[in-house]
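In the order they appear, the protein sequences are chains C and X. Counting from 1, position 24 in the first sequence corresponds to residue 24 in the working numbering; the numbering is continuous, with no gaps. Counting from 1, position 573 in the second sequence corresponds to residue 573 in the working numbering; the numbering is continuous, with no gaps.
For the record, the hints were derived by calculation from the structure and aren't laboratory data. Keep in mind that a hint or two might mislead.
Pairs of lysine-lysine, BS3-like flavour, derived with a Cα cap of 27 Å [stated by the list, open to error]: (1) X:176 / X:3; (2) X:176 / C:143; (3) X:275 / C:55; (4) X:119 / X:136; (5) X:275 / C:143; (6) C:143 / X:429; (7) X:508 / C:88; (8) C:30 / X:275; (9) C:143 / X:307; (10) X:176 / C:81; (11) X:654 / C:150.
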Amino acid sequence: MKPITFQLNGSARSVWVEPNETLLDVLRGKLGIKTPKEGCGRGDCGACTVLLDGKAVRSCLILAVEVEGQSVTTLEGVGQKGPTALQKAFIENNVFQCGFCAPGVILAASALLAENPKPSEAEVREALAGNLCRCTGYEPIVKTVLAVAKKTARQSTSRRVRS
Amino acid sequence: MSKTTVVGASPVRVDGLAKVMGSAQYVDDLDFGPGLLHAVVVESTQAHAKLKKVDISAAEKAPGVVRVITGKDFPFTFGLYMHDRYIFPQDRVRFVGEQVAAVIAETPEAALRAAKLVKVHYEPLPAVLSLSDALKKDAVLLHPKLDTYERVPWFYPQAGTNIAHWRKTRKGDVEKGFKQADYILEDTYTVPRYAHCPIEPHAVTGLYDLSGRLTLWASSQSPFAQRNVMALALKPLGLSHRDIRIVTPYVGGGFGGKAGVSMEIIAAVAAIAMKGRPVKLHWTREQEFMNTSQRQGVIARVKMGVKKSGEIVALEHTLHWDAGASAEYGANVVNAVGLSATGPYRVPNVKIDSVCVYTNMPPCGAYRGFGYSEFHFGLESHMTRVAQAIGMDPVEFRRINAIREGDTLAYGAPMNAGDLQGAIDQVAKEIRWGKPVKSKKSNTAIGKGLACFWKAPAMPPNASSAAFLKFNEDGSLNLTVSGMEIGQGFLTVMAQIASEVLTVPVEKIRVETPDTDRNPYEWQTVGSHVTWSCGNAVRAAAEEVKAKLLATVGRARKLKVKDLYLADECVKSRTDATFSMPFREFVIDGIMQPKGNFIGGPIQGSGMFMPEFTSALGDPATSQGGHPNVHYTVGCAGVILEVDKETGKTTILKAALAIDAGKAVHPELVKGQIVGGIVQGLATALYEDIRYAPNGRLLNPNFTDYKIPTALDCPQEIVPIILETPQPDGPFGARGVAEHTMIACAPMVADAIADAIGVRLQTMPLTAEKVALALRGIDYDEVKGDNLGFCFRGRPCDYSFSIAGQ
């Protein structure tokens, strides 16, 4: 066991972990963070996606000891001040069906829009290609991400996007 | 139908906020504290073997282990329609991956380590890994005690064989029909097994508390059916329905794979073994593929006779299904197809044999489409080929034969309403049928395909639904039902139906997932029947509440009930425009009288629905005389695709699908089912490709090697089309649509590939590899090797199709 400290959804958290424990298991089992889901345990499905220093990663493929000193964001941290523009649009457009992939998809899409505020449809599909959804056929997800990007770009033309 | 305001609109889903904010809980998200134990199963390495000894002594002594359970502890069988599945195998194992024992430990890691210490001694038996082996004379039997298993009366297992069920349907005189035919085509089509692949694997936590109460928190489409199956299986332990409680939070995708009971019963007995402590069983992705249920493989022989005019005069459809090691659910898929394998066509002379065959492969069960996707591949491919052979346009051929309301179905009952002609017309128009498209690239060719489909819910004749409604002080409502929200939007649709009757907005109606202790009965969420069945129950409950609202106000205000009506969450009067009594002012507290006393009280209602006209008791030899299906939903789909002649890769340019929903309660959700179903269906058609080694071991139980669609694998355009011919006994005219949307995908793709490059593929999936080989004149069957996706060895055309191997 080894203690690690990292930023979790904006607050510093310390936890004792085994060297072979995955970030997913530590988040779910030791820190009460349940939105990253386990769908395959081998990096195929993307249901366990979290943001590590802003980048979408699969928490089932990362050891908890690796995130020492870094910043981890899960869906619990995204909606703390109410739904984001992307979340609002996902709700209004009835995008998700079973919802199991939703946390991972929302984080992957958020990371994309933060890095590339005006993605093409191909870029959206590429960015979400690691997040499997068996229900929706992806169409409502892709359409909504594009619509939000378009709307946000219109609203923020005068604002500088933080790079 | 009367005009509706909420039914037919597309409000925000009632579960949308919870799912998008991350607050929706799935079974694995529930916490049970530090007392939680973890179970891991020991899996059979053999496809078929006598179980000589299960040595658990080393595992029991391993650190962290609290108990190891085997078939000696729980020698029980279970099943939905037939009790042919074993909680743990007794004398023999029947497939690679079958649970031989379960290790219960303080941590998952300890359980996993100890599971490897269980020594299982097998004495190999010949494995039945092909339909021909299963059906041959003196075949090795998987279930020597087949005739002793409890079952529903409409299953016909053949004792002394590997045939779990054989549905025969006979209408008219098929031999006479073929004599009248100007042209007859007979051929074979094969469809392999498929896996459901919900993103959430099966998970369940069981607690058998010190008072003898068994509670299971399960990822399930069927809480009440699970309770019933478990109560029957665990009766020898003294458990009954009152002792068992199933709680089902949100389900992360089902597609039929979470219907009935599979691994849940292992958690139930593990909990019973560890009285007082919760025990969790969470399937890995590999186990999700191997040991829940799969879609059955099938080899179908289709013989169709037609007149020059295009009229079908006779159809012989013989289907042999690879059911796997148990058929407790799969045999009902076989049964459903045996009743409906004419497809949505009027055929005067019909002979259907649908035969359910045990093999030493993983068990199969319900999968979105319930056998219809499988048989439509052959039947619809055949329709196009027959049309072309008699020089008729395949769409015109379908129009001529399309079933209509009042036509006599294969089993003798009349066909319900449904606009198949309209669906064909709309899809043909959408894909510009009859106007060939030439590719601008030299290495590709573009083709079009169109296929019709139909499907009825497959359910026992007494599958019923119930609903409770109660008001809260603020005039909001709680609606409790036990249909499962598996993504389709069931909860929202139920809220819409209650809203339509009671004028309470959808956002003020709370509908939660079921708990068998608190929620009213629902058979199962399968067959795309809950909008129809549970919708009727909700409507009945809402009507009861409405009557109470009116009666309470009438009595308290001394008004005639017939003058009162509901509008904008108030009781209003037709005779006094100024009268308005908001629900929130009286639905709990009642209405104050001049003397200070109150009339009324908490207003609530209940409703139920039973399809009283159905019966499964048709003649076993012909299926005539019963009314096994409640109704069919019909539709049509079409595709434009591009085939790369070098690589064989198919790109879907456009797909269109029209379905007669009766009444689309929530059109956006119906369109969601169409888009999602097409993408799932196209994946089974093009690249989902399950493979087994010759010893029966599943080779690709993961998403690296079994490809399901990603965001990059979607058609360039999908056009959903909704038709509305009301279902007279449906809520506001509605009937189900969800499963149907993948049924036409495989045959329409096969047709379009044939149209593009002249290659007719009769074995699914229609992979790039198969197309590329065919373009080079290489027969796939010659080079396919030994690792196959269905229980079949050799060439389909060499297979002896004497019915049921006789």
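Status of each hint after checking the structure:
no. : hint          : verdict
1   : X:176 / X:3   : 49 Å, violated
2   : X:176 / C:143 : 55 Å, violated
3   : X:275 / C:55  : 45 Å, violated
4   : X:119 / X:136 : 34 Å, violated
5   : X:275 / C:143 : 50 Å, violated
6   : C:143 / X:429 : 25 Å, holds
7   : X:508 / C:88  : 19 Å, holds
8   : C:30 / X:275  : 26 Å, holds
9   : C:143 / X:307 : 48 Å, violated
10  : X:176 / C:81  : 74 Å, violated
11  : X:654 / C:150 : 25 Å, holds
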